[in-house]
Amino acid sequence: MLPGPSVHDVVVLDRTELARGVILLGFYAPELAAVTSPGQFVMAIPPGGERAATALAIYEAQGERASLLFFVCGARTRELAELRPGDKLSLTGPLGNGFTLESARDVAIVAGGVGIASVLLPAQRLAERGARVRLFYGARNSELLVDRDRFASAGCELCCATDDGSFGHHGFITELLAQTDDKPDLILACGPSPMLRATALVAAELGVRAQLALEETFACGVGGCWGCVVPLDRASVQAPKFPKTGSGDYVHARVCKEGPVFWAHELRW
Amino acid sequence: MLPGPSVHDVVVLDRTELARGVILLGFYAPELAAVTSPGQFVMAIPPGGERAATALAIYEAQGERASLLFFVCGARTRELAELRPGDKLSLTGPLGNGFTLESARDVAIVAGGVGIASVLLPAQRLAERGARVRLFYGARNSELLVDRDRFASAGCELCCATDDGSFGHHGFITELLAQTDDKPDLILACGPSPMLRATALVAAELGVRAQLALEETFACGVGGCWGCVVPLDRASVQAPKFPKTGSGDYVHARVCKEGPVFWAHELRW
Amino acid sequence: MVSKVDLSVRIGKLELPYPTLMASGCYGSGEEFEAFADLSKIGAVVLKSVTREPRLGNPMPRLVSTPAGMLNAIGLQNPGIDWYLEHEVAKFAKRPCAVVGSVAAFSVDDYAYVTERLAARAEIAAIELNISCPNVGSEGETFACDPDLTGKVVRAVRAVTDKTLIVKLSPNVTDIAAIAAEAERAGADALAVINTLRGMSIDVHAWKPRLGNLTGGLSGPAIRPVAVLAVYEAARAVSIPIVGQGGIENATDALEFFLAGASAIAIGTANFTDPRIPERIVDELGAYLAARGLQSLRDIVGKANAGFGTPFQYEGDAG
Amino acid sequence: MVSKVDLSVRIGKLELPYPTLMASGCYGSGEEFEAFADLSKIGAVVLKSVTREPRLGNPMPRLVSTPAGMLNAIGLQNPGIDWYLEHEVAKFAKRPCAVVGSVAAFSVDDYAYVTERLAARAEIAAIELNISCPNVGSEGETFACDPDLTGKVVRAVRAVTDKTLIVKLSPNVTDIAAIAAEAERAGADALAVINTLRGMSIDVHAWKPRLGNLTGGLSGPAIRPVAVLAVYEAARAVSIPIVGQGGIENATDALEFFLAGASAIAIGTANFTDPRIPERIVDELGAYLAARGLQSLRDIVGKANAGFGTPFQYEGDAG
Ligand SMILES: Cc1cc2nc3c(=O)[nH]c(=O)nc-3n(C[C@H](O)[C@H](O)[C@H](O)COP(=O)(O)OP(=O)(O)OC[C@H]3O[C@@H](n4cnc5c(N)ncnc54)[C@H](O)[C@@H]3O)c2cc1C
Ligand SMILES: Cc1cc2nc3c(=O)[nH]c(=O)nc-3n(C[C@H](O)[C@H](O)[C@H](O)COP(=O)(O)OP(=O)(O)OC[C@H]3O[C@@H](n4cnc5c(N)ncnc54)[C@H](O)[C@@H]3O)c2cc1C
Ligand SMILES: Cc1cc2nc3c(=O)[nH]c(=O)nc-3n(C[C@H](O)[C@H](O)[C@H](O)COP(=O)(O)O)c2cc1C
Ligand SMILES: Cc1cc2nc3c(=O)[nH]c(=O)nc-3n(C[C@H](O)[C@H](O)[C@H](O)COP(=O)(O)O)c2cc1C
Ligand code: FES
Ligand code: FES
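Protein chains in written order, with this note's numbering: chain A, 1 to 269; chain B, 1 to 269; chain C, 1 to 319; chain D, 1 to 319.
So that you can see chain A by itself, here it is in the shape it has in the complex:
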């Protein structure tokens, strides 16, 4: 059995600004890389003056190197963006339950914006084992459709969409998914909540099961504070075992602990 999660003291190996405000940070982190499954995340412990840890998906995990891909959008990601090769950082993880890749042969992966950070690992694992992987990738503009080559070279077919029409379909990426004649047998998705909701609808219409990686504001990230819940069907295997309360037949599951990946049809949001 693999060792479990822990606090990893890692060292920055490389830093690339993939687009304005989009940072890819690579680390020397052999232990973290070894135990990570696709869809899991870390809590990055603030290296400087900031006070709260930041939840970030594990983008790459191969050999001795793991990486994080993030958008600079507030104080914490700004602090992380200041790290340079040689700097130290502590990462708590890997955390959460990632994607269940099962024996799917034809997988559609839907990623919106920063959601791309959660889906490289599943794309690679699926492609490696011979599954067909289509990446439906949407962003505000072409510049923010970052790191497409890496997905292409991993063997993914790419379908892109931008809000401003600067690349690919002009509109929502879920519109492209809905138009596909070629039904996948599994859908994985990560991105902003409206995109995830749209993906869930399309998946239901197509009659395909979908797993969604949710984003929520976290405090602890490890299941200790119950601050990050989502209503989940009581029948789900992921549902925390609570007695029935209220009128709905759902419980509040922790996104950080029971998720972040949930089956779309089990969410009651």
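One or more hints might be untrue.
Quick list of simulated restraints, FRET-style, between CB atoms [to be verified]:
| no. | chain 1 | residue 1 | chain 2 | residue 2 | range |
| --- | --- | --- | --- | --- | --- |
| 1 | C | 178 | B | 265 | 49 to 59 Å |
| 2 | B | 105 | C | 35 | 31 to 41 Å |
| 3 | A | 21 | C | 305 | 31 to 41 Å |
| 4 | C | 90 | B | 170 | 55 to 65 Å |
| 5 | C | 178 | D | 82 | 34 to 44 Å |
| 6 | A | 9 | B | 141 | 26 to 36 Å |
| 7 | B | 82 | C | 284 | 43 to 53 Å |
| 8 | A | 166 | C | 284 | 27 to 37 Å |
| 9 | C | 53 | B | 265 | 23 to 33 Å |
| 10 | B | 82 | D | 38 | 34 to 44 Å |
| 11 | C | 284 | D | 82 | 32 to 42 Å |
| 12 | A | 181 | D | 82 | 45 to 55 Å |
| 13 | A | 78 | B | 4 | 56 to 66 Å |
It should be emphasised that the hints constitute simulated quantities derived from the structure, not laboratory data.
For clarity, every value in this text was computed on a predicted model and none was experimentally measured.
Positions of the beta carbon are idealized from the N, C-alpha and C atoms, including for glycine.
Given chain A's structure and the hints, the job is docking chains B, C and D with the ligands onto it.
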């Protein structure tokens, strides 16, 4: 008449690390330089995420350039230390009442640690007009006796002391002052409060008048909050005009507004 | 910022071109800031509180910085009302903005006495009643921590002046709505919400409190969530205008207070960061309203629950 | 950190090797943090509060960050005492540290009922009475905001258990000393000071409160000065031990609480920053004491005024 104080948007011209954690920042700031008198200070408006302005003496003020010399000791000075040539900063000032140089012909200037930042300007002005200027300069160690050459080339005679004996007298700088046979006709001092108190004692023994530039924690720096007071003899011309209260014959004067320079014999601390 | 939106507010009889007051004790009498800020672009300056007798104030240190805030314990240093009327008040006529007097005291009689004399002066546009100063603990209870005392003092003061009366409340209470309602019943024209929270900081090297007064008042962004809620609750309890304050640093912060129910705001600690903040807030408020096609600041006051969708998307246990 | 100083504390009948408790609601049942922290290096974990009936908790969002702090409104999500006793409590026996149960309720009877059943279990070393939760406002008054209610509930609970009873007080009051004294009189073995401050944050784009519950509890460094003063005042009013909490991030922060009069501390929000903080605090406390030649943490408890010199160096106006 010179224009008064204002908020100056200045640009960093040069940055020198005089010793570990001791920063000299030069600015393009012609208006500020033009209106500054020796002993005045600015409130440096935080350029980044910090919240409170920092009181700093104006170190140099000549032509189009002014400078600040500071020790990195907390979050605010750490933020200022990150500025680089080309960066912008806003300085409110010049503020406060500086030294009264009068017609003194033989002046002893006592500076301890960061107090050095307040005394270059008076040293230069005095030397320019032909007065004899002796700098009694104390610090923890020789490395922290920064920028001595500039004082020497301004025409000062230097007497130094260090706490660890690594340069000059091993002990307090005020001990050197007390030993002088050659009585000055005016003493100016800036440094930590124990040094200022010692200077006041020595000055009284020598029978020489002394002006002390005090350091206090400031909030507004402009006299608006009464957070930075020192007990001052009611008879001082600097004393705020308040009716008598309590038993002592002193009032609370604002260090930032009525000071930061006070006559030693008028302080009731 | 060329938008022509209406930022004016009315607080009792006071008409202000801008909704920004400079909080008492944080802006001197305005004069201290005149070289650094355009006072014609602020609504009003609230003066440092004045008392019946002159006060030396607290021993130093009077200021300590704390995470995202600061503690102060000035102790109401002021020359007393006699001196103030004789030597200070005449100068206030020169300010290019309204000047609001602030009165502090340790008895109902003194509140009324000082208010009557100060309000009689034409230079003073309105009176703020500081019944919530936390830094003079040993000298009497804080009136604003008790509805009865609040009612008593406000009634006494109301009887001696027709000028606009703003009553400044304390956050150091369990139910600010009850105290707000009592202040309104007793005749307040407006409320200032909130004064500082009581706090303490200890020097762990010297083993003693950092403030000369031992305890002080906490202000700055750290207290903003407490202040926003206090305004929200007070606004639901009264129909008089509220001057919201506590940690406002920019227009976004200010908007939280307007949405919570404040008609105007006061800026205190942020003036110590940058004296240009009040003017910047006015500009940004104008831009915010203009961008949404709103004509007047009044359109957003108290609209914290007016958003699209409701904050309750599904059933939960508690309200 | 090889110093052999004594960091142990006694809280009622509870003997802990370290003075660090993990604050209720911030550390799950300890299990969630076991992979990241050495639980044998903490004093005790205080469990998330449990109620009589199961609770779904508040709607999302339940967390908002604020300057140097955060607001939370979890709404006491928990499976209820029946389920808890049947499925959860047995697991607590495995923890390498003491486990303190936390009880919340909306009536005196329910407090006693839940406490009696929970305290009967050997896995539970002591009971903390959460009479100060600010996030369930509509369901009843906060007991800790009223001395009479506090006395009533503590007496009722005291009657049903001999285990150590820690009563958790609210900062949302005017006079915490009075409530502390009443809790002691009613039989509390210790006090936890403080729970969160009530607060609100508003989204100025969406025009609605950021929390699903509208209001929440403010924690983190922002509230530390308020918490230190509350401990200082409570400690002067009682002779039972106090568990200080509110914004503790490191040993220096913790020392402020010990000097103010706390015998132990609890760490809440800081666990969300870095799970290694509790262990680091213990190490640094040991080093602090060793460097001063002190043998025991008890030597510094309540010594905030013991510094060289007195905080009053000259006459001022107010105490
Ligand atoms: C399981 C999980 C995995 C995540 N993985 C990643 C990842 O791999 N890469 C990544 O960049 N982020 C990821 N996030 C989101 C990331 O945690 C937040 O964006 C981060 O907390 C921002 O912190 P901040 O302090 O910089 O900004 P904050 O101060 O928290 O936010 C600043 C502003 O940006 C807005 N904002 C926050 N997040 C976003 C967003 N994603 N898009 C647009 N606006 C936003 C906020 O509403 C706020 O107004 C993940 C979140 C979760 C829960
Ligand atoms: C009128 C006036 C003029 C000043 N001029 C200068 C100047 O020219 N250059 C300069 O460097 N400073 C000067 N100071 C002091 C300077 O304002 C403070 O050092 C500054 O506020 C530190 O801010 P900070 O946030 O970096 O540190 P803080 O967080 O305020 O302090 C960090 C720690 O350092 C300690 N500390 C603070 N100041 C000092 C100090 N001077 N020496 C040793 N320890 C200290 C504090 O007690 C605290 O523990 C002046 C102060 C005044 C009132
Ligand atoms: C240094 C200082 C002095 C203050 N003096 C007074 C005062 O004399 N009277 C008063 O009513 N409030 C006084 N206050 C409270 C402020 O007016 C204001 O209500 C409070 O600080 C909250 O706002 P802020 O967070 O924007 O500062 C003072 C605050 C500070 C920081
Ligand atoms: C997310 C969260 C959940 C909490 N839940 C509880 C709770 O269930 N019961 C309780 O007594 N206190 C609860 N608290 C309060 C903490 O136990 C603690 O008293 C408070 O947060 C102050 O300490 P801190 O600033 O170190 O977090 C909670 C606090 C947070 C931040
Ligand atoms: S963030 Fe704490 S339980 Fe999920
Ligand atoms: S710092 Fe405000 S009066 Fe001096």
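Verification of the supplied hints:
1. A C-beta distance of roughly 55 Å is found between residue 178 of chain C and residue 265 of chain B, which places it inside the suggested range of 49 to 59 Å.
2. As the Cβ distance of residue 105 of chain B to residue 35 of chain C is approximately 35 Å, the hint placing it in 31 to 41 Å holds.
3. For residue 21 of chain A paired with residue 305 of chain C, a C-beta distance near 34 Å keeps the hint of 31 to 41 Å intact.
4. About 58 Å separates the C-beta atoms of residue 90 of chain C and residue 170 of chain B, a value consistent with the hinted range of 55 to 65 Å.
5. Take residue 178 of chain C and residue 82 of chain D: their Cβ atoms lie about 38 Å apart, and the range 34 to 44 Å holds.
6. Distance hint check: the CB atoms of residue 9 of chain A and residue 141 of chain B are about 34 Å apart, consistent with the given range 26 to 36 Å.
7. Roughly 26 Å separates the CB atoms of residue 82 of chain B and residue 284 of chain C, a value that falls outside the hinted 43 to 53 Å.
8. In this structure the hint that residue 166 of chain A and residue 284 of chain C lie 27 to 37 Å apart at CB holds, the actual value being about 31 Å.
9. The given range of 23 to 33 Å is respected by residue 53 of chain C and residue 265 of chain B, whose C-beta atoms sit roughly 29 Å from each other.
10. Between residue 82 of chain B and residue 38 of chain D, the C-beta spacing of about 36 Å keeps the proposed range 34 to 44 Å intact.
11. As the Cβ distance of residue 284 of chain C to residue 82 of chain D is approximately 54 Å, the hint placing it in 32 to 42 Å is violated.
12. A C-beta distance of roughly 53 Å is found between residue 181 of chain A and residue 82 of chain D, which places it inside the suggested range of 45 to 55 Å.
13. Separated by about 37 Å at the C-beta atoms, residue 78 of chain A and residue 4 of chain B break the suggested range of 56 to 66 Å.
Hint compliance for this structure: hints 7, 11, 13 are not met, and every other hint is.
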